[in-house]
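Undergrad: Use the sequences and the hints to build the structure in full.
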Amino acid sequence: MSRSLGRMSADAAQQRTAPAAASDAASDGDFRSYYGRRVLKEPVWEWLVPAYLFTGGLSAACAELAAGADLTRRPRLRKATRLGALGGLGASTYLLIADLGRPERFHHMLRVAKPSSPMSVGTWLLVAYGPGVGAAAVAEVLPSRLRRTWLGKLLGALARPAGLASAALAPGVASYTAVLLSHTAVPAWNEARDRLPFVFAGSAAAAGGGFGMVCAPVDEAEPARRLAAVGAVTELVTSRQLDERLGIVSEAYRTGKAHRLRQWSEYLTAGGALASLLAGRSRTAGVVSGLALLAGSALQRFGIFEAGVESTRDPKYVVVPQRRRVDRGEQA
Amino acid sequence: MTVSRESFYGPLDDVSGDAGYTEHPERVGFFTDTSVCIGCKACEVACKEWNLLPDDGFDLLGMSFDNTGELSANSWRHVAFIEQPAPPRESAPAREADAVDLGLPSFDLPGAGTGEETRTDFRWLMSSDVCKHCTHAGCLDVCPTGALFRTEFGTVVVQDDICNGCGYCVSGCPYGVIDRREDDGRAWKCTMCYDRLGDGLEPACAKACPTDSIQFGPLDELRERARERVATLHDRGITEARLYGEDPNDGVGGDGAFFLLLDEPEVYGLPPDPVVPTRDAGSMWARAGVAAAAFAATAVSVFFGRSRR
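Residue numbers (full-length UniProt numbering), protein chains in the order written: chain H, 1 to 332; chain X, 1 to 309.
A few of these clues could be false.
Stated by the list, open to error - Each pair of labels, with its calculated beta carbon distance range:
id, chain 1, residue 1, chain 2, residue 2, range
1, H, G247, X, F304, 12 to 22 Å
2, H, S282, X, F304, 16 to 26 Å
3, X, E224, H, P103, 43 to 53 Å
As the list claims (entries may be wrong) - Examples of chain H residues toward chain X, derived with CB under 10 Å:
id, residue
4, V39
5, S182
6, G231
7, D243
To be clear, the hints were calculated from the coordinates, so they are not data collected in a lab.
In this text, a Cβ means the ideal position worked out from N, Cα and C, and glycines have one as well.
TA: Next comes the structure, spelled out in structure tokens:
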């Protein structure tokens, strides 16, 4: 190889990512990489996982409302949310198993209990949470013919304690998924570790409240409206922090598909929360705002998921913060 | 077995002992000295042959001689090729400043000179990458089935009859090593030839390496050898030589497979300062606990107070 050719290739292989260097030179500084390739592997999870984040949160918030409705004698809110809790759990179970590379081996999750793995913790949490949700929901829809049998009577007696037991575990179900995402090397999820539990808990509350507003009559839905309002405000406030306070990684939340999804989530969540306040006794307005809150919660999960995927595609999210740490001589 | 704070982060002297082995051989590892790598890819081939890894397609990537691209479920060794301007050397022969090489044929036989006079202002970096077999392995920590385990040699191996393809390890690895195989659904990565180690053989890649760029042995011995090698290179004026992954105080407690590099790690596609996510497990669960408590408190409080019935 001649010297001049060598120099040419050397120029071509400056080991910089041209687009990144051009667009972010000012904010992030220059960084070096191997032909602009990713450093980390993209998550192998597909849409099923963010969908589970939504259904799991929905189920948990419904379980809370169901237990409260049971104790405060709101039978129609109780019935709707008990069924919602089971529906959300059923969907979650399907989504979690379908996302496996080897779905027929799903039960291998049950061969160990491993505190260092949030997925193992979550598996056992769901195993403990599920039966109570199932019993309470089945008791709700048992045909009156079967209610008179001894099994039906047993189920009727068990419904309240079962619902309360699942409600006790529901906060864990609603918030552990934040650790599930943050306990990874994915920059956008890992860097958000201090805030994600609040976004997820808020998003779950907004979804469950929204579900209650859609399915229960207005005169029983007051607790659902309140839960939705508190959840929506929490979600809106904490979600904004992801856009602003995570350094360079915030860019993964502020740009591209993640941004578009989360922008729509914000519109729907804010709109749904406002509409529920103004709706008063209108059932139609309640249903519309409930649906908006549900959609806003789902889009939030998909947006956060997408930000994580994007933060593994572009090497700058890995290299720039780590290089800065090394150059400053800081301990990791 | 005791689970201490050191089990999740920081230096750990006896990694197999921490995993529960009472009697075990000493920890082994790889020292990949990239200063003598010639880019022959014998390691990639030997690994594929010994471990019966499937083909990963015929791609021409346009990245120097690298057509493998990265470590994957089917490539457990990956040789990186970097073309770049050589750093200036004090010992380099003075060049005529204005001479322009037109690339015309000369009278010398190609390759006739082998000394310093053949050095140009261009250099090639080659490096054979592999799973780091971390002291605190992100993949192993998050595996929910126990398919990933710590061997008696201190290495990290996936059991293919247990793995259900949840994919958590893929996102748990701060080096981007382990991956799920498309048509198979399970996660795969370097085993440091676990089957060969049991028989007292060295891993296939180290066996095949013609320049001893890949050295296999007890980790402590390799670390000492590597420090000596860096000192030698520094004496010879190669001041950019540095070790990567050798320090037990780094974010993963030190790698079982570490490297001697001639440029920053990110130039080779390696993260400059990786940290095992498990370091923050405690604080993450604490935050989730606060969020869960707030969620529960809200759920209770919405049922109190005057209702707009």
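Undergrad: Evaluate each hint against the coordinates.
TA: A quick look at each hint next to the structure:
{"no.": "1", "hint": "H/G247 <-> X/F304: 12 to 22 Å", "in the structure": "41 Å, violated"}
{"no.": "2", "hint": "H/S282 <-> X/F304: 16 to 26 Å", "in the structure": "25 Å, holds"}
{"no.": "3", "hint": "X/E224 <-> H/P103: 43 to 53 Å", "in the structure": "48 Å, holds"}
{"no.": "4", "hint": "V39", "in the structure": "5 Å, holds"}
{"no.": "5", "hint": "S182", "in the structure": "5 Å, holds"}
{"no.": "6", "hint": "G231", "in the structure": "8 Å, holds"}
{"no.": "7", "hint": "D243", "in the structure": "19 Å, violated"}
Checked against the numbered hints above, the structure breaks hints 1 and 7 and satisfies the rest.
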